[in-house]
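Novice: Residue numbers (this note's numbering), protein chains in the order written: chain W, 708 to 908; chain G, -14 to 273.
None of these hints come from the bench; they were simulated from the model. This list has only true hints and no planted wrong ones.
In silico PhoX-like pairs for lysine-lysine, Cα to Cα no more than 25 Å straight-line:
1) G:K112 - W:K719
2) G:K258 - W:K714
3) G:K37 - G:K62
4) W:K719 - G:K143
5) W:K723 - G:K137
6) W:K719 - G:K62
7) W:K719 - G:K89
8) W:K714 - G:K37
9) G:K148 - W:K714
10) W:K719 - G:K11
11) G:K137 - W:K719
12) G:K(-12) - W:K723
13) G:K(-12) - W:K719
14) W:K714 - G:K39
Residues from chain W shown here face chain G by an in silico Cβ test under 10 Å; the list is partial:
15) R722
16) D724
17) L729
Computed from a prediction, not measured in an experiment: that's the story for all the values here. C-beta: ideal position from N, C-alpha, C; glycine also.
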Amino acid sequence: MLIDARKIDDFKTERKDLLPPLPMVFRLVPLLFYLSIVFVSVVGSVAVWHSRAASERYQSVVGRTASLQEEIKQIKAKRDALDDRALEAMDLENWVLGSMPLQPLVVAIMRSIDENSSIVDLSIERDPETPAQLKLALTLRTNSDKQLEVILEAIRALGYRDLSPTQSMVKGNLEYRATLLRDTKGRLPSPQERKQEISPS
Amino acid sequence: MLKYVKGLLDFSAFRSEPDDPESAWKSRFPGKTTVLLNIGRASLGFSVIDPKGKIKFSDRRRGELRDLFVDFLPIVKENASDGWCAVSLDTRYVISIETNLSRKPGSELALRKDPRSVLHGRYERGKVYAITHNPETNSSLLLSYDSEFISKTEFTLKERGLKLGRLMCGTYVLLRHALSEVNAKKGTENPVSALFVAICSGSVCALLQDKDNWVEIRSRPDVFFDDLQPLIDLLSPFGERLPPEAPVVLVCDEPVPDLPERLTAAFAGHEIKDLTEPGLLARLAYQR
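Could you build all of it, start to finish, from the sequences and the hints given here?
Specialist: Encoded structure:
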C-alpha cells in the first residue's frame, strides 16, 4: 500500500482574490529593469565624472589662458617700451648719422669764435626738398665786426658757399642767416679726412 | 496597480501569494521567520520557525486561550513575518473511517467546494472536510471541522493582528505522515499491520491497520498535558486487537518524555517505531 502525504489539507476559508505566480520567464522584466538602472547609474556616474573632469580642465585652461594673456600683455608692454627705446636709438643713430656731415662745419664755426665773442644760438637745418642746401641761423654776441667774417671764411674753407645772406642786430646780438650750398665741383672729403678735421690738432 | 508593480520588482509576483494554501510554506515565505501556533481546547503553544525550517524556540502552556494569547502575542508578532503564521487546530475535530466514498477524479476538490456531492448521506451541514483514501480498500479517513469554529479562529487571529497562512489539523497531518512512512510500497504483496498513534499538542489519534485494512480509529482532542495515563488508557484497548508482531508506530509533534517507555510497557511484545523528532510538525508544515 502506498499513501501519499506530500500535501497538507488546509481548512482556511476560501480566498477568491488569489493570483497564480507569474511564469519564471517574466523574471526577465524586473531583471532588465534593474540591469538598466545599474547601466544608467554606471553610465551616469562616468558621464558626471567626465563632466567634472572636463569642467576642471576647462577651468584650468581658462585660468592658464588668462595668465598667458596677462603675460602677453606684459610682454607687449615691454616690447612697446623696447620699440620706443629702439625708435629713440634709431632717431639718435639717424641724428648721429645725419649730423655727421655737418660736424666739420660746426667744429669750424666753433673754432673760429675768438675770446671776446660767443654764440647765443646756432642752428643748421637741411631742407628736405633740397637736401643739398643747409639753412644756417647764427646769433652772435660780439664786439668785433670781423668775427662774422672769420666764421664765414671758415665755412667757405670747407667748400660751402653762402647764398642769400641776411644780417641784422637783435637786442644787441648779431643775427646772421644764410643758405649754405656745398661746392660739388670740389672734392668731397672722405670720412677719414672729416674725422681728422673734427679731431683737435 | 502599484501593488502589482511592487510585486514585479521585488520578485514576489513570481512566488505564490502568502495567502495561497495550495503552495508549500517555504515557497510562500522564503528566507523569512514564521510561527506555528498549536491551538488546543485548553492549551496554546507556539514554535518559531527559522528561514531554513528549523525551530528556533517554542513554548506551550495550559490555561484559558484568551489569557494565553495575551501572553504569547508579543513574541508571536515579533517573530512572524508580517504577522503570517500557520495554525495547527487540535481541537473540535473528528477523524473517522468511512467506506465507499467517491474516488472519482476531482473528488478531493469537490469535497472542499461541495462536500455533499462526495459524502452524500454522511454530509453534515456546517462542516468542512478532508479525506485520505486507502488505496487498497474502499475505506477512507475523513477529517471534519465545524466551519463556524474555523471562521471564529480566523477572526480571533485577525483581531489580534495575525494573518492566517495555513490552518491545519496537526494530528491528522502527523497521522498521514506516519501512514506514508510505513505504507511506502505500492500493491498488496506485503500488507502492513500496525497501530498508528499520532499525538499533537495533547490530542491523540490512534488508527489500527490490519493487513492494509483500516479497522478501528480513536481520536480525542486534548487527551493529556503532563500526565500520560489518559493516553495509555485510550490506547490500551488496541492491545487486544493488534496482530502479533505488528508494530506500534508513534509520531508526535515534539518528543514526549517517557512515552515510548510507557507504550513499550503497554504493548509488550510489539515493536515501538518512534517516528518522532524535534520540530516534526513544524518541518512538515514548512516543507509541504
